[in-house]
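Novice: Sequence:
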Amino acid sequence: MGCIEMGILSKWLESLDYSYEVLQTCTRYASHRSKCQKCADSCPKDAIIFKNNVPTIEYSRCDQCGECLSACPIQAIAGIFPKRTITRSQLILSGEFTPSTKELLIYYKKGIKSILFTDDSVYNQCKQVLSETNKTLDILNESNFTFEIKKLDPNTESLSRRELLFHWKNDSEQVMKEFTPAKWRFNQTDLDLPRHYPDYQFAEITLNSDKCVLCKACEKLCNKKCLEINEDYFLIDSQRCSACQLCQDICPEKAISVSEKISRHNPLQFKVYNKTCTKCNNPFQTMSNDETTCFICDRSSDFLKGF
1303 MGCIEMGILS KWLESLDYSY EVLQTCTRYA SHRSKCQKCA DSCPKDAIIF
1353 KNNVPTIEYS RCDQCGECLS ACPIQAIAGI FPKRTITRSQ LILSGEFTPS
1403 TKELLIYYKK GIKSILFTDD SVYNQCKQVL SETNKTLDIL NESNFTFEIK
1453 KLDPNTESLS RRELLFHWKN DSEQVMKEFT PAKWRFNQTD LDLPRHYPDY
1503 QFAEITLNSD KCVLCKACEK LCNKKCLEIN EDYFLIDSQR CSACQLCQDI
1553 CPEKAISVSE KISRHNPLQF KVYNKTCTKC NNPFQTMSND ETTCFICDRS
1603 SDFLKGF
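Start counting the sequence shown at 1303; every next residue gets the next number (the working numbering).
Please note that the accuracy of each hint is not assured.
[As the list claims (entries may be wrong)] In silico DSSO-like pairs for lysine-lysine, Cα to Cα no more than 30 Å straight-line:
1. Lys1385 <-> Lys1453
2. Lys1415 <-> Lys1452
3. Lys1385 <-> Lys1452
4. Lys1412 <-> Lys1452
5. Lys1513 <-> Lys1573
6. Lys1518 <-> Lys1337
7. Lys1437 <-> Lys1337
8. Lys1404 <-> Lys1453
9. Lys1513 <-> Lys1453
10. Lys1573 <-> Lys1556
11. Lys1563 <-> Lys1527
12. Lys1411 <-> Lys1563
13. Lys1429 <-> Lys1453
14. Lys1415 <-> Lys1385
15. Lys1577 <-> Lys1563
16. Lys1404 <-> Lys1337
17. Lys1563 <-> Lys1581
18. Lys1337 <-> Lys1556
19. Lys1563 <-> Lys1404
20. Lys1563 <-> Lys1429
21. Lys1415 <-> Lys1429
22. Lys1522 <-> Lys1353
23. Lys1556 <-> Lys1513
24. Lys1527 <-> Lys1513
25. Lys1556 <-> Lys1522
26. Lys1429 <-> Lys1404
27. Lys1415 <-> Lys1453
28. Lys1437 <-> Lys1577
29. Lys1337 <-> Lys1522
30. Lys1353 <-> Lys1337
31. Lys1437 <-> Lys1411
32. Lys1518 <-> Lys1563
33. Lys1404 <-> Lys1452
34. Lys1385 <-> Lys1437
35. Lys1415 <-> Lys1518
36. Lys1353 <-> Lys1527
37. Lys1337 <-> Lys1563
[Said to hold, decoys possible] Ranges of calculated distance between the beta carbons of each label pair, as one might list FRET restraints:
38. Asp1365 <-> Asn1532: 44 to 50 Å
39. Val1356 <-> Ile1451: 42 to 48 Å
40. Lys1411 <-> Asn1354: 36 to 42 Å
Just so you know, these hints were derived from the structure itself, not from any lab. The beta carbon of each residue, even a glycine, is placed where N, CA and C say it ideally should be.
Given these sequences and hints, build the entire structure.
Specialist: Structural data, given as structure tokens:
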């Protein structure tokens, strides 16, 4: 399909009605213990409230700014990004919005490495996030965003963030495949930052092996599949982690913690021992080779000591 047809397709898709929605992949649906509220914290209109522990969008307040879409650590909010102005691989900022560091880092990997501020006040408005982004790029061993301050050409055409996330594919058929007929939304998984920087991790998962009883609750609920417990080891791969902190929230032993930290990809592996409990004769797993009883029997003993 040629440029003219692609332009018509883009304008048609942009004209369709849409609204944001919270998908059931949200950590709040996965467990009532989840404390994540990054979508609500990012919303400038207080349009996201919690009902029965899950986020709900108050559409009367929502102005479809897209901040929640970008902020969600596990891409559990679906919708279409609002318009952004892009020209010659340059992001134009005129004060209508301030991008997040995460958003800029994704733009960077898509070839948008320069920013044009339309005046000094806009630059001052965005200066902090630009500084933070460039510091992050230094850690990632990438060159910095360049920028300039000048008036915007009135003939510059707008490009939506949805189009930005698809224009590099140059394949209108693929664009159509990634929109569902009922919702006409883009694939929000494109906002998964670790996917764009596979040599680095943006979070650090730590484990207290003395506390962990290998109940596997964290493994089962991790949306990003960062945790694996098998017959031989407990593997923690923080590269895919987006710091939703669900594993930390649901761990009954408080043995696991998550923090936002950028570092080289560094998987951790803990040895697992397969044993038979000397009290109940049932098989169990442990990370201590000296352990002789399963944690259920240990808990029962502790309970009986209280009487």
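Novice: Please go over all the hints and tell whether each is borne out by the structure.
Specialist: Right, here's what the structure says about each hint:
1. The suggested pairing of Lys1385 with Lys1453 holds, with an alpha-carbon distance near 19 Å, which does not exceed 30 Å.
2. Under the criterion of a C-alpha separation no larger than 30 Å, the hint pairing Lys1415 with Lys1452 is consistent with the structure, at around 17 Å.
3. Annotation: proposed proximity of Lys1385 to Lys1452 holds, straight-line Cα distance about 20 Å (limit 30 Å).
4. Between the alpha carbons of Lys1412 and Lys1452 the distance comes to roughly 24 Å, so the proposed pair stays at or under 30 Å and holds.
5. Between Lys1513 and Lys1573 the CA atoms are separated by roughly 14 Å; this keeps the pair inside 30 Å, and the hint holds.
6. Distance hint between Lys1518 and Lys1337 is fulfilled; the C-alpha atoms sit about 20 Å from each other, no more than 30 Å.
7. For the proposed pair Lys1437 and Lys1337, the alpha carbon gap of about 29 Å is at most 30 Å, so the pair holds.
8. Restraint check for Lys1404 and Lys1453: the C-alpha separation of about 26 Å stays at or below 30 Å, so the hint holds.
9. The suggested pairing of Lys1513 with Lys1453 is violated, with an alpha-carbon distance near 59 Å, which exceeds 30 Å.
10. As the CA atoms of Lys1573 and Lys1556 are separated by approximately 19 Å, the hinted pair is consistent with the 30 Å bound.
11. Proximity of Lys1563 to Lys1527 is assessed by CA-CA distance (about 18 Å); at most 30 Å being required, the pair is judged to hold.
12. Proximity of Lys1411 to Lys1563 is assessed by CA-CA distance (about 19 Å); at most 30 Å being required, the pair is judged to hold.
13. For the hint pairing Lys1429 with Lys1453, the CA-to-CA distance comes to about 17 Å; that is within 30 Å, so the pair holds.
14. Between Lys1415 and Lys1385 the alpha-carbon distance is near 18 Å, which keeps this suggested pair within the 30 Å criterion.
15. At most 30 Å may separate the alpha-carbon atoms for a hinted pair to count; Lys1577 and Lys1563 exceed this at roughly 36 Å.
16. Note on Lys1404 and Lys1337: the hinted pairing holds, with a Cα-Cα distance of about 21 Å set against a maximum of 30 Å.
17. Using a Cα cut-off of 30 Å, the hinted pair Lys1563 and Lys1581 is violated, with the two alpha carbons roughly 43 Å apart.
18. With a CA separation close to 14 Å, the supplied pair Lys1337 and Lys1556 stays within the 30 Å bound.
19. This hinted pair checks out: Lys1563 and Lys1404 have alpha carbons roughly 13 Å apart, not beyond 30 Å.
20. Distance restraint check for Lys1563 and Lys1429: the Cα-Cα separation of roughly 22 Å lies within the 30 Å cut-off, and the hinted pair is therefore satisfied.
21. Proposed proximity of Lys1415 and Lys1429 is supported: the alpha carbons are some 15 Å apart, at most 30 Å.
22. Taken as a hint, the Lys1522 and Lys1353 pair is honoured in the structure, with Cα atoms around 25 Å apart against an allowance of 30 Å.
23. A distance of roughly 7 Å separates the Cα atoms of Lys1556 and Lys1513; the hinted pair therefore holds under the 30 Å criterion.
24. At roughly 21 Å between alpha-carbon atoms, Lys1527 and Lys1513 fall within 30 Å of each other, so this suggested pair holds.
25. For a cut-off of 30 Å, the pair hint linking Lys1556 to Lys1522 stands: about 16 Å separates their Cα positions.
26. For the hint pairing Lys1429 with Lys1404, the CA-to-CA distance comes to about 15 Å; that is within 30 Å, so the pair holds.
27. A threshold of 30 Å between alpha carbons decides the hint, and for Lys1415 with Lys1453 the separation of about 19 Å falls inside it, so the pair holds.
28. For a cut-off of 30 Å, the pair hint linking Lys1437 to Lys1577 is broken: about 48 Å separates their Cα positions.
29. Between Lys1337 and Lys1522 the CA atoms are separated by roughly 18 Å; this keeps the pair inside 30 Å, and the hint holds.
30. In summary, the hint linking Lys1353 to Lys1337 is supported, as the alpha carbons are separated by about 13 Å, within the 30 Å threshold.
31. In summary, the hint linking Lys1437 to Lys1411 is supported, as the alpha carbons are separated by about 16 Å, within the 30 Å threshold.
32. Note on Lys1518 and Lys1563: the hinted pairing holds, with a Cα-Cα distance of about 24 Å set against a maximum of 30 Å.
33. Only pairs whose Cα atoms come within 30 Å are accepted, and Lys1404 paired with Lys1452 is accepted, the gap being roughly 25 Å.
34. Of the pairs offered as hints, the one joining Lys1385 and Lys1437 holds, with about 27 Å between alpha carbons and a cut-off of 30 Å not exceeded.
35. Of the supplied pair hints, the one linking Lys1415 and Lys1518 is violated, its CA atoms being roughly 42 Å apart against a limit of 30 Å.
36. Among the hinted pairs, Lys1353 with Lys1527 is consistent with the structure: their alpha-carbon atoms are about 27 Å apart, no more than 30 Å.
37. Restraint check: the Cα-Cα separation between Lys1337 and Lys1563 comes to about 19 Å, which is no more than 30 Å; the hinted pair holds.
38. Here the CB-CB span from Asp1365 to Asn1532 is close to 47 Å, well matched to the stated 44 to 50 Å.
39. Taken as a hint, the range 42 to 48 Å holds for the pair Val1356 and Ile1451, whose Cβ atoms sit roughly 43 Å apart.
40. In this structure the hint that Lys1411 and Asn1354 lie 36 to 42 Å apart at CB holds, the actual value being about 37 Å.
Of the numbered hints given earlier, the model fails hints 9, 15, 17, 28 and 35; all others are met.
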